[in-house]
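**Student:** The lines below spell out each chain.
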Amino acid sequence: MYGAIADPLKKNILVYTGLTLFIFHFGFIIIFCFADKFGDSPLVSVAGKYSFPLFNQDWKMFAPEPPMKNIKMLYSCTFHDSIKSEWTDPGKETLEKFQSIRFWNYGKQYNIYESLYRNYIGTKRGDPWQSMTNHYLIDMAKKEFPNKKISRINFSFGEKNISGIGQKDTSSTLGNAPWTAIHTIILNE
Amino acid sequence: MSESLTYNERLISYFSNKVQHPCVLTLFRKCIYLFIIINALILLPIADQIWSPEAYIVHHNPFQPKLLKVLNIMSHPHMNEFYMFFIAAQLVFSIFGLMGKFPRISALIVWFTTVNLYYCAQPLQTGGSNLLILFLFYMMFVDEKAQSTLNITITNFAFLACKIQLCVLYFVSAVYKLYGTHWLDGSAIYYVLNIDTYTTPIIKNVINSCSWLSLPLTWFTLGFQLLFPIFVWIKKLKPLTLKLGIILHVCIGLIMGLMDFSVIMIIAYVLFFSDERSKNLLNNFPFNKLRSA
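Quick mapping for you: the protein sequence lines, in order, are chains A and B. If you're matching positions, the first sequence starts at 1 in my numbering and goes up one per residue. If you're matching positions, the second sequence starts at 190 in my numbering and goes up one per residue.
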């Protein structure tokens with residue numbers, strides 16, 4: 001008798017508690033997703049504390065404005081005998097493999113190249129990303145020239161905007177020369 | 190009998206009487222774990238470039254929130270030396286999860302290891318991995334064999350949370366696309382397919398010679414994302430919505446190369462399958478004979 005009365009009550013409490021938590025959970029997630037549209041409201045601050053980082057659904061990952069430029073990183077080695085190598089794009093081969101085989105890890109390898117590029121450009125001198133790019137280029141150069149002593153690596157970055165619809169020159173060819181500042185890594189070998 | 194029930198009674202009964210769509214939940218769980226296993230094996234040859242102390246990714250983020258400092262133990266000094274341990278644990282417990290062993294413990298450990306691996310390689314992540322982590326979190330509360338009222342209710346809410354999460358994703362991304370310019374003027378797909386990372390030489394030639402294609406493709410994508418959260422709940426429109434979604438995500442995977450994102454999105458559609466269809470699929474699922482059958 002008591003069980004029969006208690007059971008519906010227990011179910012009611014459970015379901016309505018669940019529904020309340022559910023509404024708060026998704027309410028906060030949606031408010032945090034639109035945080036920049038709500039301004040500096042205290043609600044956004046509470047929603048942020050609740051949602052970030054566990055329930056964060058970064059809209060930039062799902063709704064990006066399309067990128068408008070292609071990027072390229074080139075390096076050239078100077079060997080101990082002062083001979084210089086051609087400018088080489090360390091991501092070229094990976095990109096070609098990625099474009100022909102989608103079911104392997106070439107995409108992630110190319111993402112590494114891109115993130116090094118973006119973070120090198122986007123950070124200040126001394127940032128760990130800058131030394132990470134150096135580390136990557138040294139490894140790439142040693143892989144490319146395993147039997148040569150490298151004394152210096154010069155590298156440079158290039159970007160090319162994509163032409164609008166109907167405009168000419170939509171190819172992504174960035175050329176092979178360095179475009180902007182040339183950075184240098186000196187190897188003490 | 191059911192007609193005489195009030196709205197409140199139907200609501201209470203829906204959430205607390207029995208686990209809704211247990212076969213859907215089992216199929217969804219197995220697909221998620223199978224994806225994690227395959228993805229981990231694909232990334233294994235380059236794991237040192239991503240997670241090891243010699244990786245090309247900066248693991249430590251000084252601005253990470255307090256909760257992440259506790260959860261993301263791989264970002265602590267020297268912890269990335271044990272990256273293989275995290276991958277191995279993720280693999281082993283995903284296999285347990287796939288086999289239906291220790292469902293909640295497996296879900297907890299897979300979620301924990303995935304969070305660690307995710308945040309240590311954040312610059313490489315896509316929206317798919319972001320969604321995967323959220324699904325794994327909800328899966329910790331799912332027990333499709335639940336018997337007690339408490340467990341049944343928690344499982345039903347977790348199942349609904351996974352579905353709502355997918356709808357929130359589409360809704361938020363569609364609304365943000367409306368704020369941009371290139372999605373509304375129909376040029377977004379043209380620009381995306383001209384970016385080396387998201388194209389192939391053939392696709393680039395096609396979109397440049399038939400640039401008019403960009404407008405219908407862009408608007409289709411935008412319209413689909415806006416309408417999915419509504420149409421998927423309407424019985425008559427659900428099959429078409431899911432079919433169009435699968436086509437869209439297969440194209441995103443093959444053309445743009447975002448395979449992990451596309452596979453997770455397609456797996457998420459399992460949540461909207463009927464229990465009968467899921468049962469049939471489960472019977473043909475690799476490594477599986479449906480135990481409850």
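Derived by calculation from the structure, the hints in this document are not laboratory data. Hints are not guaranteed to be accurate.
Derived contacts from chain A toward chain B, CB cut-off under 8 Å, selection only [said to hold, decoys possible]:
| hint | residue |
| --- | --- |
| 1 | K10 |
| 2 | K11 |
| 3 | F22 |
| 4 | F24 |
| 5 | L54 |
| 6 | F55 |
| 7 | N70 |
| 8 | T88 |
| 9 | Q99 |
| 10 | N105 |
| 11 | G107 |
| 12 | K108 |
| 13 | M132 |
| 14 | N134 |
| 15 | I162 |
Even for Gly, the Cβ is constructed at its ideal location relative to N, Cα and C.
**Student:** Next, verify each hint and record whether it holds.
**Tutor:** Hints versus structure:
For K10 of chain A, the interface hint holds, the least distance from its beta-carbon to any beta-carbon of chain B being 6 Å, beneath 8 Å. Checking K11 of chain A against chain B by beta carbon gives a least distance of about 4 Å; that is within 8 Å, so the hint holds. Hint status for F22 of chain A: holds, given a least beta-carbon distance of 6 Å to chain B, under 8 Å. With its C-beta approaching chain B no nearer than about 12 Å, F24 of chain A sits outside the 8 Å limit, and its interface hint is violated.
The interface hint given for L54 of chain A holds, since its Cβ lies 7 Å from the closest Cβ of chain B, which is under the 8 Å cut-off. Interface restraint check: F55 of chain A against chain B, minimum CB-CB distance 7 Å, threshold 8 Å, status holds. Interface restraint check for N70 of chain A: the shortest CB-CB distance to chain B comes to about 5 Å, inside 8 Å, so the restraint holds. Given the 8 Å rule on beta carbons, the hint for T88 of chain A is violated: about 17 Å separates it from the nearest Cβ of chain B.
Proximity of Q99 of chain A to chain B holds as hinted, the smallest CB-CB distance being about 4 Å (cut-off 8 Å). Interface hint at N105 of chain A: satisfied, since its Cβ lies 5 Å from the closest Cβ of chain B, which is below the 8 Å cut-off. For the restraint placing G107 of chain A at the interface with chain B, the shortest Cβ-Cβ distance is roughly 5 Å, inside the 8 Å limit, so the hint holds. The closest approach between the C-beta of K108 of chain A and any C-beta of chain B is roughly 6 Å, which is under the 8 Å cut-off, so the hint is satisfied.
At a threshold of 8 Å, the smallest CB-CB gap from M132 of chain A to chain B is about 6 Å, leaving the interface hint in force. Hint on N134 of chain A is violated. Least Cβ distance to chain B is approximately 10 Å, over the 8 Å limit. Below 8 Å, beta-carbon pairs count as interface contacts, and I162 of chain A has one with chain B at about 5 Å; its hint therefore holds.
Hint compliance for this structure: hints 4, 8 and 14 are broken, all remaining hints hold.
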